[in-house]
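Asks: Residue numbers (our numbering), protein chains in the order written: chain A, 1 to 502; chain B, 1 to 129.
You may find that some hints are simply not true.
Stated by the list, open to error - Stretch by stretch, here's where chain A covers chain B in the computed footprint (C-beta under 8 angstroms, at least three residues):
#, stretch
1, 55-63
2, 82-93
3, 101-111
Don't read these hints as lab results, they were simulated from the structure. All C-beta atoms in this analysis are idealised placements derived from N, C-alpha and C, irrespective of residue type, glycine included.
Single-letter residue listing:
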Amino acid sequence: MSSPTNLHLYILAAPLVAAFVLNLLGRLSRRWVMPLTLGPLVFSTAGSLMLLARVLKEGGFSYTVGNWTPPYGIELLVDPLSAMMLVLISGIALTATFSALPWVEREHPGSEHLFFTLYLILIAGLMGLVLTADAFNLYVLLEITSITTYGLIAMGKGRAPLASFNYIIMGSIGACFYLLGIGYLYILTGSLNMADMAAIIKTLPQGPALATAFAFAIVGLWVKMAFFPLHGWLPNAYSLAPTAAGLLFAPLMTKVTIYLMIRVILNVFTPEYVFYSHPLVQSGVVWAAAIAIVCASSLALGQRDLRRMLTYILIAEVGYMVGGFWLANSQGMTGAILHIFNDAVMTLCLFLAAAAIASRTGSLSFDNLKGLYRTMPVTMAAFTVGAFSIIGVPPTCGFFSKWYLLQGAVQAGQWGFLAALLFSSLVNAIMFFRIIELAYFTDDGEAHHGGHHHGDDHHAPVAEAPLPMLAPLVVTAAALLVIGLGTGPIVSAIRLTLPKFL
Amino acid sequence: MTGLTAEIVAKYNYWLYVILMMVGLYAMIGKKNLVKKLLGMNIFQTAIILLYVSSGVKRGAGIPIVDKYKALAQGVDPTLVVNPLPHVLMLTAIVVSVSVTGVALAVLLRIYREYGTLEEDEILEKIGK
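Could you put the whole structure together from the sequences, leaning on the hints where they help?
Replies: Pasting the structure below:
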């Protein structure tokens, strides 16, 4: 048993408190924006690393907020998985912020403090989501993250407010479904604490009421994570959002929601109920995920704009994780959780690369990508690493999680899911090699050379993105390789959280 | 038939919530006017609030305000007070609902300034041009 600590509360409180301070001081002077954004995130990242080290050494613990003991009070649960998620969230947020700062200055001059107020509250909300062990608290935090997201998207230009409004409608349906599911569960169990609910659910007869509760809660979360065909809001919302906001949403929002789905299944409904009492539902969801992967990948293939293409890949990746988890065996679940981390980092890498490219070309339509290997060699090198990771080329981390997912599919005999994974890798390879080809050859004339360096640099001088955008990109690309090579320890940490019988 | 009627009458609060929820859902998906969509969302949320609140009600029970010292000494008879917890939860849900509505109205204002209309098909027509 570990000694008590408040560290996780400080990690959570740092961005939240800074958000309000920033809102006030940012009005007075723009000088406050950078320290008050980066400061708390550096603190949170360092703190969550310390917390993770502690949890891995001494084991997880639960924390009672305000001395109201569970099941009545709100409980926070710090186990290896939530500690790892904290590291992921704070690390990604910190990296993205370096690039976000110059982007906000460019796109929203004069309202940086407003943007970063929402930005920091969003990060605090995400951290709260991974910590909470109370089903209703989870709903409130889910809405805190959603409301800040609506606001951030609406700050975009042109059609962004319309995309934001569609997201408000869809997001509210999702959140209300989740709330409704929890309502049924509350009527059944009389409790809102996850562990307490799980203990009571085990003693209940498996009637239609429990099934209704489960269906509403899970479908609600699926809407929030944009699981195909409930994905309609995502492509517009994420591609029209301000660039800086997209850097934060794309890696984190869907991934944290998938984490919530995993939490709800493991800690509330228990895998025995979800997977083994209804095998038809279980394999049905895996098939739905396979269809989701195939459809979203095909839609991605039809896009002519880099960021829009990435949003469809994001939806396909949601299918990977939902399907992988519902394979209900150790390999599949490990793969799904590992993919949360890997996908977050590789999505960040690609969105940072897209942002870096956009800072030079202005637009991300495919016609503007020609010749980028000459003008932006570092950016494109990092982009290539990210692309390889999405395709699943070793030793990038995307390969390892995909490998676990494939193994899980074979073990479960889910050949449809296996085929969908391979199809999606193939489509990803086609899409990215098309872009790499476009970017490698400058003009039509040179496309026939096929050679490497033909010394025609007189008309295309190197014009890299500014350093604050380039540095996080290079760090993220390197992280893809490091995480790939460090898969072993990460997997053993993930296995600590999975149910024992697997 | 009488069995069905009795069933509906006995659980009228749940039927009411289902009807309200469907009205809300229809408005959110079927209506073309963005403000009507937003109103549909509010009806939808109200339906859920109704479900929670009605789950705490007991026949013949009073409001859950009791004398502290008496309750500590003798305990509280749970049949005499309604369950206050769902009501408290719904206070939070109402706050959430109001905030979402506020943000949505602000977004609608921006849409109106941009396109001069709040009809979805007219906006799409303007985008298409």
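Asks: Would you mind marking each hint as holding or not holding in the structure?
Replies: Okay, the hints, checked on the actual structure:
| no. | hint | verdict |
| --- | --- | --- |
| 1 | 55-63 | violated (count 1) |
| 2 | 82-93 | holds (count 4) |
| 3 | 101-111 | holds (count 7) |
Consistency note: the structure conflicts with earlier hint 1 alone.
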